[in-house]
Amino acid sequence: MDFSLSQEQEMFRQYVRKYLQDVETTKIARDYIHGDINTVQQSLAGLNELGCTQLNIPEQYDGMGLGKLDLVPIFEELGAALVPGLHLETLALAAPMIEQFGSDEQKQTYLPSIASAEATFTIAWLEPGRSYKKQGIQLQAQHDAGSLLLQGVKTLVPDVELATHIIVPVRVNEQIALVIVESDTAGLTVSPLQSFDETRKLSQLQFDNVRVSTNQVIGQLDEGWAILNRGLLSFNAGLSSWLVGATERIVQMANEYAQIREQFGNPIGRFQAIKHRIVDMKLDLETARSLSYYANWTLETDAPDKVEAIVSARIFATQTFIRAAADNIQIHGGIGFTEEIDCHLYVKRSRFFENYLGDIDTYYDLAIDALGWTDVAAPTALPITP
Amino acid sequence: MDFAYTQQEEQFRLELRTWLEENLPEGWLDGTFNMPEEQAAYGQFLRDWQRKLSEGNWAAIAWPKKHGGRDATLMEEIIYHQEMVRVQAPPAINYVGLHMVGPTLMQIGSPEQQEKYIAKILSGEEVWCQGYSEPNAGSDLAAVQTTAVKDGDKWIINGQKIWTSFAHFADRCFLVARTSKGEKKHHGITCFLLDMNQPGVEVRPIIQMDGEHDFNEVYLNDAVAYEADVIGNVDDGWRVTIALLMHERTGIGAQVFSLEQQFDALVELARSVTTDDEALIEQREVRKRLLDLYIKSRGSLLNYYRNLTKQLKVGHPGVEGSMDKLFVSEVTKELFSEAISLQGHQAITWKQDAIYGDSYWQKNYLYSFGQTIGGGTSEIQKNTIAERILGLPKDIGK
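For the protein sequence lines, the chains are A and B, in the order given. full-length UniProt numbering numbers the first residue of the first sequence as 1 and each following residue consecutively. full-length UniProt numbering numbers the first residue of the second sequence as 1 and each following residue consecutively.
Incorrect hints may have been included.
To be verified - Capping the alpha-carbon separation at 20 Å, the derived lysine to aspartate or glutamate pairs in EDC-like fashion look like this:
1. A:Lys133 with A:Asp361
2. A:Lys133 with A:Asp359
3. B:Lys116 with B:Asp229
4. B:Lys288 with A:Asp365
5. B:Lys288 with A:Asp375
6. B:Lys310 with A:Glu10
7. A:Lys134 with A:Asp365
8. B:Lys313 with A:Asp2
9. B:Lys313 with A:Glu8
10. B:Lys351 with B:Glu212
11. B:Lys394 with A:Asp280
12. B:Lys288 with B:Glu320
13. B:Lys394 with B:Glu22
14. A:Lys306 with B:Asp264
15. B:Lys120 with B:Asp264
16. B:Lys333 with A:Asp305
17. B:Lys120 with B:Glu55
18. B:Lys288 with A:Asp305
19. A:Lys306 with B:Asp2
20. A:Lys306 with A:Asp365
21. B:Lys288 with A:Glu354
22. B:Lys154 with B:Asp222
23. B:Lys313 with A:Asp361
24. B:Lys394 with A:Glu256
25. B:Lys363 with B:Asp264
26. B:Lys184 with B:Asp140
27. B:Lys288 with A:Glu256
28. A:Lys306 with B:Glu260
29. B:Lys154 with B:Asp195
30. B:Lys150 with B:Asp140
31. A:Lys306 with A:Asp369
32. B:Lys184 with B:Asp235
33. B:Lys181 with B:Asp140
34. B:Lys288 with A:Asp369
35. B:Lys310 with A:Glu8
36. B:Lys310 with A:Asp2
37. A:Lys306 with B:Asp292
To be verified - On the chain B side, residues computed to face chain A include the following (Cβ under 8 Å):
38. Phe3
39. Asp30
40. Val267
If you are wondering where the hints come from, they were derived from the structure by calculation, not from laboratory data. Just so it is clear, the structure is predicted and the values come from calculations on it, not from any experiment. C-beta: ideal position from N, C-alpha, C; glycine also.
Could you build all of it, start to finish, from the sequences and the hints given here?
Here it is, written out as structure tokens:
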């Protein structure tokens with residue numbers, strides 16, 4: 001029995017944490033709010049130098065060939081500092097999908113450039129007025145001389161200006177295909193949208209007969225939905241780590257503030273109304289962490305309970321982050337309500353992620369299905385005891 | 001990360017499982033055996049069960065071999081809990097003796113005390129209870145008012161204990177009493193190994209809200225203890241008091257594994273209970289509520305394994321046990337509350353008229369209220385976590 005990150009993984013965490021402390025943690029996010037893309041690009045270069053972008057890329061494609069669990073401390077630290085950018089989308093979604101389902105040519109093209117941080121991926125999935133469900137994907141792709149012509153609109157696409165490539169689920173002859181589109185392709189119009197969470201930029205993308213080679217399709221033309229769902233397992237495992245990291249920073253903020261802020265001649269953390277609230281946050285945090293570690297372990301080992309494990313982690317870590325971010329403001333009192341203190345940045349990000357790439361309500365059904373509860377006749381599966 | 005059990009651990013599991021299947025009362029595993037309801041017969045049944053366990057060397061596996069244990073590893077203890085929960089083995093009547101008093105005697109007791117008590121604890125010949133809580137000393141244990149006054153070679157003890165589990169079966173009591181008024185309230189405390197079978201000790205039952213009788217009030221009216229019954233030093237009993245409590249924390253595993261089992265039973269309930277010919281589990285809202293509980297009970301198990309890993313590495317239990325205790329007891333309470341809600345108005349039936357499982361759910365729902373109180377209330381656990389893990393300032397009054 002060993003349910004912990006390895007010494008090497010914890011050591012790597014320290015490198016990433018040290019680096020982010022050196023660049024003043026949420027300063028990157030705050031610079032990005034004010035339109036400074038440069039700081040974000042520098043941070044990506046810095047993280048690349050540390051090896052963050054190479055970790056889970058196979059060695060033959062210039063990566064380190066490490067596992068899913070090695071990404072856990074990195075995502076936790078990125079979450080703690082609210083580092084802007086497409087780290088999750090690139091490392092936990094695009095890279096594993098290309099590695100698992102991409103053609104040799106796609107692997108040769110993209111994996112080494114992800115490892116070197118030259119390629120970054122965003123995903124254009126949602127369409128105006130539509131859901132994340134399969135029927136929500138209506139952007140049409142027509143065959144035309146060995147290419148696909150994309151026509152339609154995608155919306156709420158994150159951080160396009162930071163992306164070299166866009167993964168686009170499209171509809172081809174009633175099937176869903178997953179296409180890689182270069183972000184500067186002709187016919188693509190990017191219109192910025194105001195974002196509630198200013199540490200992530202949003203855009204609407206208009207596709208006017210955007211021509212994409214069929215070589216840019218990941219897997220077969222009818223496999224897009226299945227591949228995307230496999231990719232989402234990896235993404236959600238990574239996201240749950242990110243959320244845990246962010247929540248850990250929140251608990252730390254609340255705890256530190258409660259120790260220095262004095263009222264009635266005492267640090268407010270002496271009052272049970274405050275200290276018990278912080279303990280509740282801490283308990284949820286550690287539970288989210290246990291669930292997310294386990295989720296990433298099931299992903300790494302391809303365990304039979306990976307779907308329910310990963311989705312459970314995503315749901316609980318999301319709910320925990322939302323609650324803790326809100327409680328953090330309450331504990332800070334008036335100062336927590338101001339723009340100056342970071343508290344609000346976490347609240348906004350918690351809502352950004354709440355229903356990102358699949359709403360929580362749908363994820364409930366996914367886990368319920370995986371547990372066999374929709375099959376009324378089936379006996380309860382024996383618990384998979386690790 | 002590695003959740004695999006070693007071959008040796010699996011072998012241990014198999015050995016225990018085989019022993020249990022061969023030695024549990026006939027009809028136990030298929031649910032046809034009923035434990036005696038009458039108190040004396042019930043007590044005898046539990047004593048017999050413990051004697052059987054000790055004959056198989058299964059009563060106190062963590063004890064050293066020289067005291068009749070197995071020198072079990074921490075992982076073997078975990079497996080032991082898993083297997084005992086799996087067959088829902090009869091409760092250990094001498095829980096206090098086996099898991100608290102025995103280890104404390106080995107740690108702090110004199111050679112004579114060890115000689116006198118340990119073997120009988122193991123065999124179940126002497127059942128122990130824990131004389132800690134008093135009407136005015138619950139969470140604030142150092143406020144004990146029971147007094148022990150020296151009179152020649154005797155100690156004369158007066159006072160009242162409460163919430164004393166199994167005192168109605170107990171032969172001995174690990175008693176905390178005040179022997180002097182110290183500068184601080186946890187000074188001047190002494191621990192005694194008190195004989196329960198004497199005129200000065202009166203046990204009165206406390207009937208719980210679930211109708212069961214686990215606890216008692218113990219009245220001490222000129223009860224007598226001797227010098228040989230003092231464990232540790234006179235007036236320096238607070239550290240003995242705490243030493244005993246530190247051993248108590250190992251019981252969390254059993255609660256965590258029980259929660260897993262109870263959750264599975266809840267899913268079965270949702271499958272079997274129908275309204276208008278529709279099973280509860282067919283309702284999406286029910287499935288969602290089940291998933292929330294699934295996530296928390298998994299979280300409880302995984303938290304436990306994470307803390308266990310730490311314990312395996314550092315070699316002793318940490319304060320994180322408070323987090324496990326808090327979480328598992330709160331989730332257990334939530335689970336049974338949900339089980340009552342899910343059954344709808346039918347849930348208000350009781351005992352033989354209960355619609356499902358002889359009021360298993362109703363009984364456990366009522367019982368679950370005790371779990372966030374006993375062994376340190378949730379509020380006390382929160383103070384401990386706040387002060388010892390988060391480093392928040394001590395509570396007012398400390």
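Taking the hints in turn, this is what the structure says about them:
1. Taking the CA atoms of lysine 133 of chain A and aspartate 361 of chain A, the gap is about 12 Å. The hint holds against a cut of 20 Å.
2. Of the supplied pair hints, the one linking lysine 133 of chain A and aspartate 359 of chain A holds, its CA atoms being roughly 9 Å apart against a limit of 20 Å.
3. Straight-line distance between C-alpha atoms of lysine 116 of chain B and aspartate 229 of chain B comes to about 11 Å, which keeps the hinted pair within the 20 Å bound.
4. Note on lysine 288 of chain B and aspartate 365 of chain A: the hinted pairing holds, with a Cα-Cα distance of about 8 Å set against a maximum of 20 Å.
5. Taken as a hint, the lysine 288 of chain B and aspartate 375 of chain A pair is honoured in the structure, with Cα atoms around 15 Å apart against an allowance of 20 Å.
6. Taking the CA atoms of lysine 310 of chain B and glutamate 10 of chain A, the gap is about 14 Å. The hint holds against a cut of 20 Å.
7. With a C-alpha separation of about 14 Å, the suggested pair lysine 134 of chain A and aspartate 365 of chain A falls inside the 20 Å cut-off, and the hint holds.
8. A hinted pair counts as satisfied when its Cα atoms are at most 20 Å apart, and lysine 313 of chain B with aspartate 2 of chain A qualifies at roughly 9 Å.
9. Distance check on the hinted pair: lysine 313 of chain B and glutamate 8 of chain A sit about 16 Å apart at the alpha-carbon level, within 20 Å; holds.
10. This hinted pair checks out: lysine 351 of chain B and glutamate 212 of chain B have alpha carbons roughly 13 Å apart, not beyond 20 Å.
11. A hinted pair counts as satisfied when its Cα atoms are at most 20 Å apart, and lysine 394 of chain B with aspartate 280 of chain A qualifies at roughly 17 Å.
12. Restraint check for lysine 288 of chain B and glutamate 320 of chain B: not satisfied, since their Cα atoms lie roughly 30 Å apart, outside the 20 Å limit.
13. With a CA separation close to 52 Å, the supplied pair lysine 394 of chain B and glutamate 22 of chain B exceeds the 20 Å bound.
14. For the proposed pair lysine 306 of chain A and aspartate 264 of chain B, the alpha carbon gap of about 19 Å is at most 20 Å, so the pair holds.
15. Among the hinted pairs, lysine 120 of chain B with aspartate 264 of chain B is inconsistent with the structure: their alpha-carbon atoms are about 38 Å apart, more than 20 Å.
16. In summary, the hint linking lysine 333 of chain B to aspartate 305 of chain A is not supported, as the alpha carbons are separated by about 26 Å, beyond the 20 Å threshold.
17. At roughly 12 Å between alpha-carbon atoms, lysine 120 of chain B and glutamate 55 of chain B fall within 20 Å of each other, so this suggested pair holds.
18. Distance check on the hinted pair: lysine 288 of chain B and aspartate 305 of chain A sit about 18 Å apart at the alpha-carbon level, within 20 Å; holds.
19. For the hint linking lysine 306 of chain A to aspartate 2 of chain B, the alpha-carbon distance of about 15 Å falls within 20 Å, and the restraint holds.
20. For the suggested pair lysine 306 of chain A and aspartate 365 of chain A, the alpha carbons sit about 15 Å apart, so the restraint of at most 20 Å is met.
21. Of the pairs offered as hints, the one joining lysine 288 of chain B and glutamate 354 of chain A holds, with about 17 Å between alpha carbons and a cut-off of 20 Å not exceeded.
22. As the CA atoms of lysine 154 of chain B and aspartate 222 of chain B are separated by approximately 11 Å, the hinted pair is consistent with the 20 Å bound.
23. Between lysine 313 of chain B and aspartate 361 of chain A the CA atoms are separated by roughly 39 Å; this puts the pair beyond 20 Å, and the hint is violated.
24. A distance of roughly 15 Å separates the Cα atoms of lysine 394 of chain B and glutamate 256 of chain A; the hinted pair therefore holds under the 20 Å criterion.
25. Using a Cα cut-off of 20 Å, the hinted pair lysine 363 of chain B and aspartate 264 of chain B holds, with the two alpha carbons roughly 17 Å apart.
26. With a C-alpha separation of about 13 Å, the suggested pair lysine 184 of chain B and aspartate 140 of chain B falls inside the 20 Å cut-off, and the hint holds.
27. Annotation: proposed proximity of lysine 288 of chain B to glutamate 256 of chain A is violated, straight-line Cα distance about 36 Å (limit 20 Å).
28. The hinted pair formed by lysine 306 of chain A and glutamate 260 of chain B meets the criterion: a straight-line CA distance of about 18 Å does not exceed 20 Å.
29. Of the supplied pair hints, the one linking lysine 154 of chain B and aspartate 195 of chain B holds, its CA atoms being roughly 13 Å apart against a limit of 20 Å.
30. Annotation: proposed proximity of lysine 150 of chain B to aspartate 140 of chain B is violated, straight-line Cα distance about 25 Å (limit 20 Å).
31. The straight-line distance between the Cα atoms of lysine 306 of chain A and aspartate 369 of chain A is roughly 13 Å, inside the 20 Å bound, and the hint therefore holds.
32. A hinted pair counts as satisfied when its Cα atoms are at most 20 Å apart, and lysine 184 of chain B with aspartate 235 of chain B qualifies at roughly 12 Å.
33. Of the supplied pair hints, the one linking lysine 181 of chain B and aspartate 140 of chain B holds, its CA atoms being roughly 16 Å apart against a limit of 20 Å.
34. As the CA atoms of lysine 288 of chain B and aspartate 369 of chain A are separated by approximately 11 Å, the hinted pair is consistent with the 20 Å bound.
35. Under the criterion of a C-alpha separation no larger than 20 Å, the hint pairing lysine 310 of chain B with glutamate 8 of chain A is consistent with the structure, at around 16 Å.
36. Between lysine 310 of chain B and aspartate 2 of chain A the CA atoms are separated by roughly 9 Å; this keeps the pair inside 20 Å, and the hint holds.
37. Only pairs whose Cα atoms come within 20 Å are accepted, and lysine 306 of chain A paired with aspartate 292 of chain B is accepted, the gap being roughly 17 Å.
38. The beta carbon of phenylalanine 3 of chain B is positioned within 8 Å of a beta carbon in chain A (closest approach about 4 Å), and the interface hint is therefore held.
39. The interface hint given for aspartate 30 of chain B is violated, since its Cβ lies 17 Å from the closest Cβ of chain A, which is over the 8 Å cut-off.
40. About 5 Å separates the beta-carbon of valine 267 of chain B from the nearest beta-carbon of chain A, less than 8 Å, and the hint is met.
The structure fails to meet hints 12, 13, 15, 16, 23, 27, 30 and 39 from the earlier list, while all remaining hints are met.
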